[in-house]
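All chains, please: the whole structure from these sequences, using the hints.
Residue numbers (the working numbering), protein chains in the order written: chain D, 24 to 136; chain A, 551 to 664.
Hint data in this document are derived by calculation from the structure and do not stem from the laboratory. Hints may contain errors.
To be verified - Derived pair list, reagent style DSSO-like, types lysine-lysine, alpha-carbon separation capped at 27 Å:
| no. | chain 1 | residue 1 | chain 2 | residue 2 |
| --- | --- | --- | --- | --- |
| 1 | D | 131 | A | 553 |
| 2 | A | 553 | D | 72 |
| 3 | A | 607 | A | 563 |
| 4 | D | 135 | D | 81 |
| 5 | A | 605 | A | 621 |
| 6 | A | 621 | A | 603 |
| 7 | D | 84 | A | 553 |
| 8 | D | 131 | D | 101 |
| 9 | D | 135 | D | 101 |
| 10 | D | 135 | D | 84 |
| 11 | A | 568 | A | 621 |
| 12 | D | 72 | A | 607 |
| 13 | D | 131 | D | 72 |
| 14 | A | 568 | A | 603 |
| 15 | A | 553 | D | 81 |
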Amino acid sequence: AQSVSQHNHHVILSEAASLELGCNYSYGGTVNLFWYVQYPGQHLQLLLKYFSGDPLVKGIKGFEAEFIKSKFSFNLRKPSVQWSDTAEYFCAPRGDSNYQLIWGAGTKLIIKP
Amino acid sequence: DVKVTQSSRYLVKRTGEKVFLECVQDMDHENMFWYRQDPGLGLRLIYFSYDVKMKEKGDIPEGYSVSREKKERFSLILESASTNQTSMYLCASRRRQTSTGELFFGEGSRLTVL
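This is the structure in structure tokens:
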């Protein structure tokens with residue numbers, strides 16, 4: 024069965040700093056990988072996804088993620104964060120059965136203005 | 551704009567009470583899901599439904615049941631609420647069973663059981 028690990032539970036950065044949030048998953052067949060974001064008081068929404076092709080995928084609001092098959096990783100990056108990026112970020116690879124997602128524990132990101 | 555609406559944002563119930571959480575989506579999606587979200591645990595799947603009148607247990611179905619009589623509506627039922635069911639409950643929907651499909655979430659229902 025697949026599992027997922029998000030390395031940091033809390034991250035605090037200043038505006039304009041670069042961001043990288045780690046996500047490692049266990050291999051379980053076809054790779055489908057997602058990052059979702061939950062802004063304070065809002066619903067979860069899709070940030071970006073990878074299912075084939077170029078391993079560097081771009082999402083909304085300047086975020087990108089790179090799929091590295093040899094490392095079983097799908098790290099989320101942003102070159103320069105803004106205060107409005109304060110949110111909780113979830114990595115979610117596809118599970119082995121019924122096309123379900125396996126959710127990471129989440130990383131709470133706080134950006135200091 | 552796509553929308554998943556959960557009937558109650560905040561509920562406070564007493565131990566042993568029956569609790570209904572309702573979710574409605576306006577996107578004609580086949581698949582619907584109920585998750586609970588707890589700090590440090592991410593999202594855990596309670597039940598999901600492929601289509602009307604179809605349901606399957608997720609990872610933590612104990613103490614919960616669901617109902618899907620109409621395509622747009624998916625209800626979560628706690629037959630006898632307990633304090634360990636205090637949590638944030640999230641409903642989601644998706645167009646058909648596909649590994650690449652985006653999940654659309656409601657804003658959540660925060661349940662406190664006293």
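Open item on the list: With the threshold set at 27 Å, check whether the alpha-carbon distance from residue 605 of chain A to residue 621 of chain A stays at or below it.
Closed with: 12 Å, holds
Open item on the list: Given the hinted pair residue 607 of chain A and residue 563 of chain A, is their Cα-Cα distance within 27 Å?
Closed with: Roughly 24 Å between the alpha carbons, so the hint for residue 607 of chain A and residue 563 of chain A holds.
Task: Distance restraint between residue 72 of chain D and residue 607 of chain A, which requires alpha-carbon spacing of 27 Å or less - done: Holds - the C-alpha atoms of residue 607 of chain A and residue 72 of chain D are around 26 Å apart, at most 27 Å.
TODO: Please work out if residue 84 of chain D and residue 553 of chain A have their alpha carbons no farther apart than 27 Å.
DONE: 21 Å, holds
Open item on the list: Please verify whether residue 553 of chain A and residue 81 of chain D have alpha carbons no more than 27 Å apart.
Closed with: Given that 27 Å is the threshold and the Cα spacing comes to 24 Å, the pair holds.
- [ ] Below or equal to 27 Å on CA atoms is what counts here, so check residue 553 of chain A against residue 72 of chain D.
- [x] 20 Å, holds
Task: Given hint residue 603 of chain A paired with residue 621 of chain A - CA-CA distance at most 27 Å - done: Holds. Residue 621 of chain A to residue 603 of chain A sits at ~8 Å (cutoff 27 Å).
Open item on the list: Between the alpha carbons of residue 131 of chain D and residue 101 of chain D, is the straight-line distance 27 Å or under?
Closed with: Cα-Cα ~15 Å, so holds.
- [ ] Mind checking the alpha carbons of residue 135 of chain D and residue 84 of chain D for me, to see if they're no more than 27 Å apart?
- [x] Since the Cα atoms of residue 135 of chain D and residue 84 of chain D sit roughly 18 Å apart, the hinted pair holds (cutoff 27 Å).
Task: Agreement of residue 135 of chain D and residue 81 of chain D with the hint, judged by alpha carbon distance not exceeding 27 Å - done: 24 Å, holds
Open item on the list: Check the hint pairing residue 568 of chain A with residue 603 of chain A against an upper bound of 27 Å on the C-alpha distance.
Closed with: 21 Å, holds
Task: Restraint check for residue 131 of chain D with residue 553 of chain A, where alpha carbons must lie at most 27 Å apart - done: 25 Å, holds
Taken one by one, the earlier hints all hold for this structure without exception.
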